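Under my numbering, the first residue of the sequence shown is numbered 1, with each subsequent residue one higher.
I should point out that these hints are in silico values taken from the structure, not numbers from a laboratory. Predicted model only: the values in this text are computed from it and were never measured. Ideal placement from N, C-alpha and C gives every residue a C-beta, glycine not left out. A couple of the hints might just be wrong.
Derived Cβ-Cβ restraints for the label pairs, each shown as a range [as the list claims (entries may be wrong)]:
1) Leu305 - Ala138: 37 to 47 Å
2) Leu46 - Trp379: 41 to 51 Å
3) Asp72 - Gly144: 11 to 21 Å
4) Ala148 - Leu298: 42 to 52 Å
5) Ala145 - Arg302: 46 to 56 Å
6) Trp379 - Leu160: 13 to 23 Å
7) Gly45 - Arg302: 28 to 38 Å
8) Arg382 - Arg300: 14 to 24 Å
9) Asp82 - Tyr439: 50 to 60 Å
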Amino acid sequence: MSAARSSASRRRHSGSILKKVNLAKVRSAIGPTIAPLALAAAAIGLLLALHAAGAGFRGDPLDVVRDAAPGDRLFELAGRRDAVVGVSVLAWLAAFGLALTFGRARAGRPGALAGRVAARLLALSLVYMPLVLLASAALEPGTGAERALLLLGAPALAALTLVGLGGYRALAFACGATVLAHAIDLVAGSPLIQLSLAGPNPAAGHRYYGIGNELEAILVVLVLGGTGAALSVPVRLLPLMGAKGEPEVRAATMRATRAFLAVAVVAAFVFAYGRYGADVGAAIVLPLGGAVAAALLLERPRLALLALLLPLPALALLAAADLLSGADAHLTSTVLQAGSGGDVLDVLWRRLREAGESFGRPLLLAGLPFVLAAAALAWLRRDRIAAWLEPVPAMRAGLGGAAAAILVATVANDSGALLLELGAAYVAALLAFAWADHYP
């Protein structure tokens, strides 16, 4: 009898506990966490379905070069880069230097209007550069016309975006447009990326479609920095709400961390999947960079160390998708189909050795002192840089994630020096935009 009363009491007690559970709060806590992951999974499922329906690169990659006629644009890419990209970038840098000098001379301070406008235009011109080169690949103009198109077209797009949107909206739009255009072309089979001066240069035999080293360095920074810029637009206004706005700030911060992770995962799949971007490095550095950005946004830098563990599951998922769909990516042909563990170690050792040797290439060796000097200056002025980014924590997190991704890519890629220098240049460009936006 006593046991029965005790059992009934326990049932009543447990029932009272269950009644006290607020299911609405449980759903509101779990829902925002699951939603971004569900969207990312749905996006990846759609991309796999598109591949099954015929999207992505098809056929033998060697046919890209074998089927090209003599004199085809494909064979002119390497020779045009300096004449088109090099000249344009040097001209933009010279214009920025003149504007900065003129602004300081007139106003006596580094945040003068001319310098700020020039910094924004330079940053957005560099962001738009791959997009303009993609459009130029569709037009296939001569060298002079392509140089003029890039030299004038990218700054024109930058100016229109600044006038139409302004601030971080302009930066987010430019990054999004450039990344999305390349993603669409990858899903279509890389018809324009193959012919773009920012593309992989198939005639050189390094890669016949998808994302090359140059685009990897650029797009990784644009994905993470652009996400930070997009999230900075709403998040930036919330601290102005005072104590009453603290719950909204916390909620926005959590949404931003999930957005970083979801965007990084989807972008990594597009850029790394065997018949889209076919760039295994993207599966390593983008999830890692997104996780670092999320940790920095939560102001838990030690949590960023756990991001070093993410490349392994990311590579496992990529390999599974590759094997199940028959995409035959570089990852499966070199690692998963290796004869033994020693073969895998040989592949890893060869890539590390080639990454180190890349720093000995004359052009990259000449640029290395500038990267080291810029890194040293950033460290010495880190308090000032922190002040620029303090009003925009999502942008600060995005740049931190991009920097971490580029550092890891430098070690993981056989062209490490190229990724380091090009990625550092784009991080510096977005940082210059943040400097310009900081001043009233």
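*Is the gap between the beta carbons of tryptophan 379 and leucine 160 within 13 to 23 Å?*
Hint violated: Cβ distance 36 Å, outside 13 to 23 Å.
*Take a look at whether the Cβ-Cβ distance between arginine 382 and arginine 300 falls inside 14 to 24 Å.*
Between arginine 382 and arginine 300, where Cβ atoms are some 19 Å apart, the hint holds.
*Is the gap between the beta carbons of leucine 305 and alanine 138 within 37 to 47 Å?*
44 Å, holds
*asked:* Looking only at beta-carbon atoms, does the pair glycine 45, arginine 302 fall within the given range of 28 to 38 Å?
replied: Distance hint for glycine 45, arginine 302 holds at roughly 34 Å.
*Is 46 to 56 Å right for how far apart the beta carbons of alanine 145 and arginine 302 are?*
Holds, since alanine 145 and arginine 302 (Cβ atoms, about 52 Å apart) stay within the stated range.
*Could you say whether the range 41 to 51 Å given as a hint is met by the Cβ separation of leucine 46 and tryptophan 379?*
43 Å, holds
*Is the gap between the beta carbons of aspartate 72 and glycine 144 within 11 to 21 Å?*
19 Å Cβ-Cβ, so the 11 to 21 Å window holds.
*Does the hinted range 42 to 52 Å hold for alanine 148 and leucine 298 at CB?*
46 Å, holds
*Confirm or reject the claim that aspartate 82 and tyrosine 439 have a C-beta distance inside 50 to 60 Å.*
The hinted range 50 to 60 Å is violated for aspartate 82 and tyrosine 439, with Cβ atoms some 35 Å apart.
In terms of the numbered hints stated before, the structure departs from hints 6, 9, listed from lowest to highest.
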